[in-house]
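FYI, UniProt numbering numbers position 44 of the sequence shown as 44, with every residue one higher than the one before it.
For the record, the hints were derived by calculation from the structure and aren't laboratory data.
A few of these clues could be false.
[Unchecked claim] Restricting the straight-line Cα-Cα distance to at most 25 Å, the calculated cross-link-like pairs of lysine-lysine (DSS-like) are:
#1 K340 with K264
#2 K333 with K267
#3 K267 with K340
#4 K284 with K340
#5 K291 with K333
#6 K264 with K206
Model, not experiment: these values are computed from the prediction.
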Amino acid sequence: MEESMRAKRLTPDVEVISSGESDRDSDVEFFTHKHVKRVSKKRPRKRPEPTTSQLSAASCDISDPEEGSNAERQRRRKAKARAKPPSLPEWTRSRPSQERGRSRAVERERSASITLVSDGDTPKADKGKGRATDKAKRRRVELTPPPVLAEEELADIERQSRLLEEAGVVINDVDDVVEVGSPSPVRDRSGPQVQITVQMVVDPDKRQPGREQAVAAYEKRRIFHVFETDPLSDLLHALATRVQVPVDQLILVYEGQRIFLSEKTPKQLGIKFTEGYELPVYEKVQQAERKARLALFGDNPRRTDKDLDEGEPSRRSPSPLRAPLPPAVQKVKLHLRGPKGELHFSAAPTTLVSTILKFYCNKQGVDASEAHRFRLEFDGEHFEGNSTVGDMDVESGDLIDVSYR
């Protein structure tokens, strides 16, 4: 009995049954639930090994954990501040020229973008620290930047601009009209302006089939408005700028005569129409005219200055005595315009139309045998064959058309 009581005191949660009561309580024990406490053995949990940072933090200050954590944070911040990014290889570093090119490209990109803000959508700013409540509607337009020009092209543009400023030229590409004027305040600019038409003459070798449009564009008439007191050098500079030819390679021709004195004014010369030649073309045309004169008049090409009524070569008289010279005949300056080009020359009133047509064909590079296909027109009348200049009743400077029969 004492043993049973001792067992109860030792294990209060476990019911101890004595040997004498086992038979009596066997039936009750079968239907009675008994709480039996099972003791399970737990495996000890392995602690993770501390890292280097934890060991260093613990070694810094074990007594105060808060101070250790703050010191660790400060140490990490200083380590990050001192840390530098790894250096790149040499080939990845940009050169100074590349930096300048990149900066220019960035400037071009910045200048190529335009931000448009409508006037009605202006933002209203608040008085506080916040941003504006009503933001303006912005629309960005991307423009293609101009191409990069070479140094030679930039120098050429500056030179052309300087020439324009010196000559006082204002070009209107729509009407192909050029206003010419000198910005110099010394000259008298109060006088009236005159209109001078200049027509360039193309190289005869370039008059080939398939080039009609290019020839027509080159020979189109260009109108210049100049002051009467301005020299023709201003006109020459403006023409050089217009046709993109150096000034020293241009020649002005008026009524078949070259204008050498470019300081002469339009008022002094009284010109309203002139032809322009490039220097090589002018020399080639002059050489062709000399050959045509020799072909028409033989050894005495000066006969064209006296009379053109005979196209046959002159024959010298076998007699040593020369006939007296005929009296001087007043010549008429003619301006021919035809399908092959224009021509200026002087002729006597007795000159035959057939001779003029032959001279025109030789001048324009056409076989003289084709002269019978052309005729002259003046004031609605047609002249051909044996008609003379006197029959046409023309005056110096009149325009005569050359047409096909």
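(request) Go through the numbered hints given earlier and state which of them the structure violates, listing their numbers in rising order. (result) 1, 3 and 6
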